[in-house]
Each structure stands twice: as structure tokens, then as C-alpha cells.
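Peer 1: With the sequences and hints as input, model every part of the structure.
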Amino acid sequence: MLAIDADSLTKVYKGSSRAALNNVSIKVDSAKIFTLLGRNGAGKTTFVRMAATQLLPTSGSISVLGYDAVRQAKQVRQLISVVPQEGRPLRALTPWDHVYNWLQIRGEDKKQAREKTEAVLQKLELSEVRDRPAMNLSGGMKQKILVAMALAVDAQLLFLDEPTIGLDPVSRRQVWSAVKDWKAKGGSILLTTHYMDEAEMLSDYIAIIDRGSVVAEGTVRDLRKVIPQNTRIDVARDGLDIETLQSFGSVVDTGAGTLRVFTFESSIRELSELAIRRNLPFTVSPVTLDDVFVYLVGNIESNGGWSQRSQ
Amino acid sequence: MVATKSITLPARQAFLIAYSTGILWLRRNPSSLVFTAISPFSLLFVLFVISNGQYVQFAVAGSLVMALVGYGLALGQDISFYKTEYKIQDVFVASPVSPLTYMMGLALSELMFGLPALTALAALVVYFGASLFNIPLLVATILLLWSSMSAMGFFLSSHMLHMRNATQVISFVNVILAVLPPVFYPIANLPEQLQYLSYAVPTTHASLMLQHSMGLPVPAGWSLEFGYAVQIAYLVGFVTLAKTRAIWRET
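As you go down the protein sequences, you meet chains X and U in turn. Under my numbering, the residues of the first sequence are numbered 9 to 319, in order. Under my numbering, the residues of the second sequence are numbered 117 to 367, in order.
These aren't lab readings, by the way, just hints derived from the structure by calculation. Every clue listed holds true.
Calculated pairs, DSS-like style, for lysine-lysine (alpha carbon to alpha carbon, straight line, at most 30 Å): (1) X:K22 to U:K359; (2) X:K191 to X:K131; (3) X:K124 to U:K203; (4) U:K359 to X:K82; (5) X:K35 to U:K203; (6) X:K188 to U:K203; (7) X:K131 to X:K118; (8) X:K131 to U:K203; (9) X:K191 to U:K203; (10) X:K82 to X:K35; (11) U:K203 to X:K150; (12) X:K188 to X:K233; (13) X:K193 to U:K203; (14) X:K35 to X:K193; (15) X:K150 to X:K40; (16) X:K188 to X:K119.
In this text, all values refer to a predicted model and were calculated from it rather than measured experimentally.
Peer 2: Here you go:
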């Protein structure tokens, strides 16, 4: 059974002439992590909110765990859990209060709620501050409270709308680990994020949304193939002319005094020697999801950067 | 995977929402009780001083009604805050908690904040003439008005997209319901046409019921039964409105 099956989903907000989501069809497999990537305002949160029964679509259909998310919202709500974008915990409540009370509100008895609260707070390293009101916690810890509330619930589908925003690298990894554990138990996850490393680390499948439409989808490996070359070399631009570099592949001006050359492994040696001869620092790495994302939605060519795309 | 839903779950959910947003807040911020308790006494104080105590019973009835309107409608501000600022309402919407349970929980929470003032004002009603026999009437009046105002606050705030709009609309409704009608003053002070109009306002009846319980004269033709009927009609109307027309899932 599919966790989410959206067909020709469209959302036009009242007072707007532009569709926030335009004819989007997405299928999310069960027990997988499906990630939506897109710029701010691309339509990711609109999609999440419609799937999570928080927002009605203008047209199209969407079913969640086999139930129609519009007409059978009550059934869907029994089976899902959410971390809203830019949510905040209540100031006077502690991490323990949030999770323990929320679990009881969701129907757990006190014993189960206590055990699950202890486990999730430990997992997200909130145990030490479990009795401290949220108003006295850092922004990252506040965000982790919302994640803990969602993860503690015994649901089948988890919606994470930018769950690691504002978290330090260690906390982000704690959340990733908890999300992977959730998936290992058979849970499905719909994730939105701006962090490409997060998407690469967690996702089984990714859809890139731009201006309300899906512009690409596939596994990380599939998406990397969007860029024909497989290697990226960043080299300081001092004294280098773009024409020379273009003979190796596509060149992008990163805007930070560095030129980025997308090329093949076979060119690494020659390009490295060129940089070394001119005493220029350089780095070599595989093409990343970040490159693919910018390639697809970044309008790089308008900055005169992405030569490959304009050819 | 989800725990079995018992028939008592909605009541438990409402209590837990009230506990989380009301009792826990007050336990950690007890000064909030003082701040929220003082405001209903402001007009009582002014009227008492201006009238040399002559209008004190009207002022007590009016203050109790005004407090109930205020605490009921304050639910709307809370809801607006949780929806637009904290986004925590999104978590509730995407859960088995129904909108009416959510409303009930937050309404109970508001009641916690208002309890000292409401208790003191109810005690003043008894002090100024209500017999023990009238206490059930007093309690019924309080519950009816608080419930209908809470449902109204929920309905109004669900249509507000911005915290500021909610605050403005709720302040406006507060004046319409608790200041302009004969809540603090005798209905006989109004021109006859306006008296008929004011009978359409639930707070007029709540005040008349309180005035009646304190032994003050009530207009000929008005009866407790009429007062109850209007109050119950408003309660049913606002709860129906909250249940069927409040925006829970956004459109």
C-alpha cells in the first residue's frame, strides 16, 4: 500500500492568481523516506499540509494510507504525526510536559506515555533538560521538543516539515538517527528540507518542486545523473580564464572567488596539474545533490554561470 | 498501532489540554492569576465610587457578565495565538483531537485563569442579596454565558488569519456584548425600542438573571424562563456554529 498517493493535486490560495501547487502527482511508498526539495515558496509545505489533512486542495485527489485525505480525514488523523514548519513549543511547558501530555492526548495510558517519553527524550538528548520550561531552552532544543512529540507517537506516517531547521550539526544527526529508527520500525516519512546533506543522508526517494510543479524525481543516484558529468572541481579563479576550464566541462562561477568545473574523472589529473602549476587551491568531489538542485531550480544561467545548460 | 479510543477520551483530551495550557502555565507563572483577576473589577470600582455605592449591585452583575464574556472570548485570542504564532494548532488538526475537544480544552484553560475573579464576583452576588436557593441559578448563568462566549470566540478566531485581527475583532465584540447593552445599568434606562433590541443580546439576560438573583426589580414581561431560553438558544447556536462553520482544516 502506498503511504501517499496524490493525483493532479492543485492548490490555489484565496486571493492568489497563481497556483501554489500545480497538477502535482506524487506516490510515496510505505516504509520509505520521501523527501520534497524546493526553494522557499516552491509548494512543499502546501503539499505536506494537504497530505496531513490541515489544508484542503483546490482540485485533484490525495489518499493517505489508503484513506481519502479530504473525505476520510478522521481516519487519516489516527495514523499520522506531524512536525509543522516554524512551530514552537509552549513557553511554560517542559520537554517532558510536551511529550508526556501529548501522548496521553493521543490516547496512550500513563505507563506507556511515561516509557515512550523517557525513550524519545533520551534519544534526542533532551533528558537533561526534561524539566526545564521551553522558554529557558535554546532554539534548537525547542525545535527538538516538536520533533520528540511527533516521533513519540505510535503513528504509521510521519510528516516532517523542515524538522532540523536551527539545529546544530550534532542535534541534526540525533534527529536523523531517530528518523532512521522510525523507518526501521516500518514507518513512512514525508520530509521537507533545505539541507541537501540531510536529503542525501535520509532519503529513499526525492522529488524536487519548483514553482508548484515537480521538476525532477528519483533516488539520489538518479538525480545525480541530471548533470551529465560526475565530478566537481572547485578551483580559485585567480588568473584562470573560463574558456580554458570550459574545455574540461561545464563551468559555474560560485560567486565566492571560485570557479566550479563539472567534468569527468578522466579530467581530474589534468585539471589538478593545471591548478598546481599556477599555485591555485582546488578541491575535487563527486557531483552532489546540491549541484543538481541548483542546476534544476537555481536559474544559474541568469547569472551567466552555468555554461552547460545554455549550450 | 494507535491506542484504542475509549468513549471518555475526548473528555480526557480536553482536560489534558486545559492542564497543559492552563494549570501548568499558572503553576509556573502564578502572577498571571493576579493580572487576569484584577481587570474585571475595574468598572465595578469606578461605578461604586461614582454612584457612592448606589449602583453596586448593577456593577457586580455587570462585572460578572463582563468577566465571563472576557474569559470566554479570550479563548479566541489563545486559539489565534496557537494557530498563527506557535503553529501548535497544526499538530492538533493533524491528530485525532476534534475541534470541539480542542475548544473545550482551551475554554477550560481560560476558566482556570478567571477562577479567582469569577469566584470573588459570584461571592459578591451572594453577599449583595442572592439567597443560597439562588446559587444553582447563579452557577447555571455563569456556565451558560461562559460556554456560549467560548464557542463564539472559537468560531471567530478560526476565521482570523492574523493575531492582530483576532484581538481587534474580539475587543469589538466585547464592547458590543458587555458594555453597550444593559449589563451594568438598569434596562429601564434605555428608550423602549432599544430595550426590545437589547433583549436579543444574551448578556442582557445574563445580567437580568444576576440582578434577579440579588433581588433587584426586573422588567415586567421578562422572566427567568425567558432568560434561560435565550441563553440556551445562543449556546446551541454558537456551539453549532463552532462545530459546523469554524475553520479547522484551512481552505
